[in-house]
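Please arrange chain B on chain A, whose structure you already have, making use of the hints.
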Amino acid sequence: MKTARLFKVENRLAEIANRPGGRRIADALAAAETRVQRKHDELAAGLPEAASRLKALVESAQSGPDVALQGLYTEANQVFALAAALDMKALADAAYSLCDLIDGFRETDEVNWQAAQVHVDAIRLLAQGTGSAEADRAILAGLKQVGARFQKAPARTSHLEPDGV
Amino acid sequence: MAALPFSGDERINLASAEVVLADGHAQGLDLLSEMFAGFGVMKPHRCSSAAEIRDIVALREINLFVIDSALVDADGYEFIRWLRRSGVRPNSVAPVLLLTGHTRKSDIFKARDCGANFVVRKPAAPLVMLQRIMWVSRETRQYVESPGYVGPDRRFRMLGPPPGEKGRRSDDLSAEVGAAKTPNLEQDDIDALFAPKRVSL
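Each protein sequence line maps, in turn, to chains A and B. Numbers 0 to 164, taken from numbering that gives the first Met the number 0, label the letters of the first sequence in order. Numbers 0 to 200, taken from numbering that gives the first Met the number 0, label the letters of the second sequence in order.
Honestly, I wouldn't trust all of these hints.
[Stated by the list, open to error] Listed next, with one range per pair, are the computed distances between beta-carbon atoms: (1) B:THR139 / A:SER131: 50 to 56 Å; (2) A:GLU109 / B:ASP152: 23 to 29 Å; (3) A:GLY128 / B:SER6: 39 to 45 Å; (4) B:PRO161 / A:PHE6: 20 to 26 Å; (5) A:LEU5 / B:ALA194: 36 to 42 Å; (6) A:ALA134 / B:SER6: 30 to 36 Å; (7) B:TRP134 / A:GLN116: 38 to 44 Å; (8) A:THR33 / B:PHE108: 34 to 40 Å; (9) B:ARG59 / A:THR33: 25 to 31 Å; (10) A:GLN36 / B:ALA25: 14 to 20 Å; (11) B:GLY166 / A:GLU48: 50 to 56 Å; (12) B:VAL71 / A:ALA29: 45 to 51 Å.
Worth flagging that the hints you see were computed from the coordinates, not collected in a lab. The beta carbon of each residue, even a glycine, is placed where N, CA and C say it ideally should be.
The following block holds chain A by itself, in its conformation from the complex:
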């Protein structure tokens, strides 16, 4: 294969999706939202456990190889994804901030474990629920300050805009 070759492909998905029958778009969306909502409690119950895994990971990562840092990033990313899907904004933002932090560490090859530990503690607290929006805001403001010390790019306020890329 030396040069670029362009070719058309048959779009089988289009042929199937346009077959007679199926669901009205509005009904499909409503059904999907209802089904996702039904999983809310079950998934939210697993978040404190995921936050505890972060604690174990941050402790082992301090004495472990770089791969442990990747494990911490993956787990934080998962907490973000779940919390965001469940509309737990403060928890999602805290997990996203930890991802940003680890990303910055990987770029500079310098790790500040205290900063990571502060994030993990905050995530555990938020996963259990502070019960107060004021307390959530204070925690996030603290994380933002910690993050700002290690990030090159300015931190965003929230990562929960409901759009795809």
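Only chain B this time, still in chain A's reference frame:
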């Protein structure tokens, strides 16, 4: 529900679509499965690893892949790159939606260059997901096979090569028009082209 970017009366039939849903985390996979069940996909192929997806690719004709960037044994980008180059038709040219959580700019470029059709950033709301499914089902982009890239044409709009650069493809036109090779038409000649004429049939 938010205002729909398409008519709510439009219909979509995914009952017989063969869809692969892949996420390295069980809860993420559960969420995806619920969402797609709502869309009418009742029996998706649920996978947590690239190895599982490869097995399905070898056996079934897949119409849509929804792949998370984090799989158990590989990252989603790596799998998509493999799929596009696998030569397993028609799966290698099937539409692929890539899901990302924490999304760096470099991840978007990676997704584009591994051959994904679209990137969906989490949280992937049902509205956004269904919209992307409809986009890929209306996809008209051609596919490209080249030494450095295999996947849907990364150019969404045909704007030609960047100014001052020669296009790399045989159908790229030059931005320079060049000097006329024949005399300009007179206005009478132009008018004559538009004037009605008697024809004999």
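- Query: What are the numbers of the hints that this structure violates, sorted from low to high?
  - Reply: 2, 6 and 12
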